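J.: Spelled out from the first residue to the last, the chains are:
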Amino acid sequence: MDLVIIKYNAGNIQSVLYALERIGVNAVVTDDVEQIQSAGKVIFPGVGEASSAMRYLKEHKLDTVIKNLQQPVLGICLGMQLMCAYSEENDTTCLGIFDEHVKKFTPKTGDLKVPQIGWNNIFNLKTKLFAGLPENSYCYFVHGYYAALGEHTIATADYVQPYSCALHKDNFYGVQFHPEKSAKTGELILKNFLSL
Amino acid sequence: MLCKRIIPCLDIKDGRTVKGTNFVNLRDAGDPVELGALYAQQGADELVFLDITATVEKRKTLRELVNRIAHHINIPFTVGGGISSVDDVSALLQNGADKISVNTAAFKNPQLIQDLSKEFGSQCVVLAIDTRQEEDGEWYVYLNGGRTKTDARCFDWAKQAVDLGAGEILLTSMNHDGTKQGFALEITRKLATQLPVPVIASGGGGTMEHFVDVFEQSQADAALAASIFHFKEIAIPDLKGYLQQKQIAVRM
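Residue numbers (the UniProt record's numbering), protein chains in the order written: chain W, 1 to 196; chain H, 1 to 252.
So here's chain H without its partners, still in its complex pose (with noise of 0.2 Å):
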């Protein structure tokens, strides 16, 4: 039976592990390829590594680090952070990273996706989407980190980019990242439900019933957290023992 995925992700700034509060105030939280070492020993089932400081400072994700976490990590990793071409993607797999994925510059040129799905296989491409609930109730896309928003509705973005070809999305929502309140689960169901791809869940993931909740009823395939990983308040093999015990199929 496939496996419900649980995904450290690796804010990298300036080639260090950082992790902030509804994505400002950030905090240092050590050496990335150690970590990620660390994870995939404990029993991660992927990993990702985002360059934050990518897309604001117009600078290429880190290819050394990229090939070094390669030559040191026997799981999946996904790379992210300021990729907006076929040349930018192509660096990096032959650097060693198994996915990409694509927010701002994908928003910005929709044909990326395409671009980059015939070029690598959907497999390879990643959609990543910030969003927010707004007072009117609806999820808005965010660009930039955060920084901008945008007028468009995430699912309606989340399924023109699968109809360009994305093969998962990586769904963060703004409102819960850092507060470790738990996942939004009305927004991520009705993506994992009605999208054909896999959606990983991500922001908010604070206890482990959290991560029961995303997977029993929002139905998402994969969960994604940082800080409690980062800072051991939630140790891998608890929670995947955990997990286990309520029924959710995951590798052990």
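Excised from the complex, chain W in its bound form (with noise of 0.2 Å):
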């Protein structure tokens, strides 16, 4: 069973290969749609601004591509943002797999810097792919903008206010944090994501 990592032009392409290596898995980064299409699970990694990445993606016509994935799709970060119907980092209409809205973080008081960086605990954990963690595990995020609480919420995170770190809808799941980089916790995810 293959597993392809979506190469486009929102890249921390390599961590996430690397981080996969170190579980013993190999993927295949690659634009190409058909590869993408046959692949037994798909990772939409992504660091980066949300208008010029659906820009990209609509380019090579990837937008469709993602979202009449049958398989188990993981999107990391932007790529989980770009799930979403809407980002308001430069007004993006984005692929609209979750109905949720992306809004920049916008703190009442100077304590708070955005974006945020660095290890956060996540909460109200749902689905398979939190199989085996305990309530409050940390994980590693990076990000100014992030999806509101709603219906496809299956993790929460508080900065600013609780938020989605996770969402799932059918055979698509988004993580906010980056589990290439949230040591032993970001490693479980992915395993339970490689075993759905």
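These aren't lab readings, by the way, just hints derived from the structure by calculation. Heads up, some of the hints might be wrong.
[Said to hold, decoys possible] Beta-carbon label-pair distances, calculated as ranges:
hint, chain 1, residue 1, chain 2, residue 2, range
1, H, Gln111, W, Leu196, 23 to 31 Å
2, W, Thr109, H, Ser85, 46 to 54 Å
3, W, Lys126, H, Pro237, 28 to 36 Å
4, H, Lys232, W, Asn90, 29 to 37 Å
[Stated by the list, open to error] If you want the footprint, here are the derived chain W segments under chain H, 3+ residues with CB under 8 Å:
hint, segment
5, 13-19
6, 61-73
7, 86-93
8, 100-110
9, 117-125
[Said to hold, decoys possible] Heads up, simulated DSS-like pairs for lysine-lysine below, C-alpha to C-alpha not over 25 Å straight-line:
hint, chain 1, residue 1, chain 2, residue 2
10, W, Lys67, W, Lys103
11, W, Lys169, W, Lys61
12, W, Lys169, W, Lys7
13, H, Lys232, W, Lys184
14, W, Lys104, H, Lys159
15, H, Lys149, H, Lys118
16, H, Lys190, W, Lys108
17, W, Lys58, W, Lys7
18, W, Lys103, W, Lys169
19, W, Lys126, W, Lys103
20, W, Lys58, H, Lys118
21, H, Lys180, W, Lys104
22, H, Lys180, W, Lys108
23, H, Lys13, H, Lys108
24, W, Lys7, W, Lys61
25, W, Lys104, W, Lys184
26, W, Lys126, W, Lys67
27, H, Lys190, H, Lys246
28, W, Lys126, W, Lys58
29, W, Lys103, H, Lys118
30, W, Lys7, H, Lys118
31, H, Lys190, H, Lys149
32, H, Lys118, H, Lys13
33, H, Lys149, H, Lys159
Just so you know, these numbers come straight off a predicted model, no measurement behind them. Think of the CB as a built atom: it goes at the ideal place given N, C-alpha and C, for glycine as much as any other residue.
Hints in hand, dock the two standalone chains.
T.: Okay, structure coming up:
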């Protein structure tokens, strides 16, 4: 069963690839439509800016491809945000897999900085993606925009206010944090995704 | 709740970890990849690798080393030393670095910060500042690994760099570095409370209480240290346990 990492212009792809290697899994990095469609599982990573990433996906017809995937898909960070309906980041219409909207963190006081950078606890954990993980496990986050809580929320984190740090609908999963950089916790989440 | 970060720093010279006092008298402290992996296992929140020979000898940071580190480390890491172009950064990120830090080259060409943040995002760009408090009480920016004094004030340069797109500041006090007498609380506090980006305090951490001070009094977002970890004077799990006892949010 092939694991494919979608290659596009928003990358921390190497980190994801190495993290998978550490748990003994080889993945193929590609933007080839047929290879993505025929993969057993798909990871949709991303660090970067929403509108330029969406523009790239559209130009390469990857937007339609991703939306119509039937196998388990895991979006990471910007990848998860792009799977939502809309992002305030440069007023971007996204893939619309999840109904949730992505908004900018707007702290009321000066002690919280944007972007959030560092380790935060995740709670209200649902689905097999978090099997074996205790509530309030720590994951590594780097982001200035967040998905609001909604019907697809399967994990919550708190920064400025509680928000969706993971989403799930049908075969689609998305996580706001970086499992590839979240030590043992992240490795377990990646393993859980691979055994879905 | 977002945690305060503990960041071991590995200064690299000729592929080995080294550590000096006040930027001189280097001692060997082991293989950087082994040390990095050990720290990650012990609960370090991030790692910083600085190629301290790079700027002076005009060499590029060792990309193969970065690649080896990336294969073995399951937490974020920053690489610095001699970075002066978008191509340098691109190569490091392709080898698995999560962030890069710039220092001398950014001071000489501030446009570099803007170029890097546009290309890779602010979250990727750490501005490292080496600063020394002079007799007039002001904190000045130093370049070339602390060898060259400038007339620029630390806060002014930090603010300008943030406006240009730096996503984090790594602030090293040369007065405190290697002394184990505590962090530079005042200047760290000024940057951490007046800038909208995270500030990593560096230089002077010698006891667990010093870390409490820099988080509580200076509101640093992260604290970086080297020799106390390399020479096993303070173990990371003990430090984090102590901080937790003091009601400071840390990842356990």
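J.: Mind listing which of the numbered hints don't hold for this structure, in increasing order?
T.: Violated hints: 1, 2, 4, 6, 7, 8, 15, 21, 22, 25, 28, 32; rest satisfied.
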